[in-house]
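Q: Sequence:
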Amino acid sequence: MSFTMLKSALRRLFASPVYAGLNILGLAVGMACCLLILLFVRHELSYEAGFSNTDRIYRVSREYYPMDGARSRVPASTNAPVAPALLEDFPEIVEVARVMGGGLGLQRGDQSFVESGLRLADAELFTIFDFEWLAGGPATALATPDSLVLTESLALKYFGRVDVLGETLRAMDAYDVRVTGVIADLPANTHLDFSGLLSLQALVLANGPAVLEQWNSSTDYHTYFLLREGVSVESIRSGIPDFMERHMGEGASQFSTLPIMNIRDIHLHSEMDEEWKETGSINTVYAF
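For the sequence shown, the working numbering assigns the number 1 to the initial residue and increments by one for each residue that follows.
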């Protein structure tokens, strides 16, 4: 821009300061809105980016076909025996893990809280997801029924520090648990949502092994599997009807199915019930 043009622009600016101010304000607001939209879209598309192997991590749920014109019921979870049966029946699967529960109690001395994010999980969850470890490690984190893994926030809440391996808390006012690991707080851009994990084997000790073996049990178990490298998930999807007939009884696949979703698709594409977090919408992202 030449000096003459700059001088002319400044003359017009001072001649109509209100009009010029409104134009500048409008430009600033427009740029701010564009920046906010860009940040929003970037965040929505970044879900699960903090984990490795996300192209091979899938969640299995349970869909019940509608009857009498009613809406399908599609919880984001499924029955307890599905996970081990998948691992046994499909060589394409490397590992499986279940996560369930929430709203469990923890106590230390006279401190007692109901933790909405305290859940129970299989130890194999730490093979499928590579969390950031601040104390302990995945190999021993949930190795015994009395194990407890805390997030950094929960460790600080109860102990004021994160080097708490071996410390004990009372779980559900029923039994003592020992801290075997501390991980960093989960990032905002993941569908996972927990503040601590107890061993799912504690459920077996309290209720017997049948609690994880009943195919007609409630669909409370968020179930994940890690796909073997170099294979297609479609081979598993195509085998689900026969899988259900074998394990759930003749005709089971006529009334329900087991949808399989890559974890990267959960936030923007899931319309399932009982998600841990409110999901987004790919249509909203496209609109922006």
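Watch out, some of these pointers could steer you wrong.
Here are the simulated SDA-like pairs of lysine to any residue, each with C-alpha atoms no more than 25 Å apart in a straight line [claimed, not checked]: (1) Lys277 x Gly251; (2) Lys277 x Gly105; (3) Lys157 x Gln107; (4) Lys277 x Gln254; (5) Lys157 x Gln214; (6) Lys277 x Thr140; (7) Lys277 x Ser52; (8) Lys277 x Asp193; (9) Lys157 x Thr257; (10) Lys277 x Arg42; (11) Lys277 x Asp220; (12) Lys157 x Ala174; (13) Lys277 x Arg73; (14) Lys157 x Gly103; (15) Lys157 x Asp130; (16) Lys277 x Val74; (17) Lys277 x Ala174; (18) Lys277 x Met31.
It should be emphasised that the hints constitute simulated quantities derived from the structure, not laboratory data.
Q: Is Lys277 within 25 Å of Met31, Cα to Cα?
A: 31 Å, violated
Q: Please work out if Lys157 and Gln214 have their alpha carbons no farther apart than 25 Å.
A: Answer violated: Lys157 to Gln214 is near 37 Å, above 25 Å.
Q: Quickly compare the C-alpha distance for Lys157 and Gln107 to 25 Å and report which way the hint goes.
A: 11 Å, holds
Q: Could you grab the alpha-carbon distance between Lys277 and Gln254 and see if it respects the 25 Å cut-off?
A: Since the Cα atoms of Lys277 and Gln254 sit roughly 30 Å apart, the hinted pair is violated (cutoff 25 Å).
Q: Just to be careful, I want the Cα atoms of Lys157 and Asp130 compared with a cutoff of 25 Å; is the pair within it?
A: 24 Å, holds
Q: Would you check the hint for Lys277 and Asp220, treating anything up to 25 Å between C-alpha atoms as holding?
A: 15 Å, holds
Q: Straight-line Cα separation of Lys277 and Val74 no greater than 25 Å?
A: 15 Å, holds
Q: Going straight from one Cα to the other, do Lys277 and Gly251 come out at no more than 25 Å?
A: 33 Å, violated
Q: Is it true that the CA of Lys277 sits at most 25 Å from the CA of Arg73?
A: Measuring from Cα to Cα gives roughly 18 Å; hence the hint holds.
Q: Is the hinted pair Lys157 and Gly103 satisfied, with a Cα-Cα distance of at most 25 Å?
A: Distance ~16 Å between Lys157 and Gly103 Cα, so the pair holds.
Q: Assess, step by step, whether the Cα of Lys277 is no farther than 25 Å from the Cα of Asp193, and give holds or violated.
A: With Cα atoms ~7 Å apart, Lys277 and Asp193 stay inside 25 Å; holds.
Q: Between the alpha carbons of Lys277 and Ser52, is the straight-line distance 25 Å or under?
A: 21 Å, holds
Hint violations for this structure: numbers 1, 4, 5, 6, 9, 17, 18, all remaining hints satisfied.
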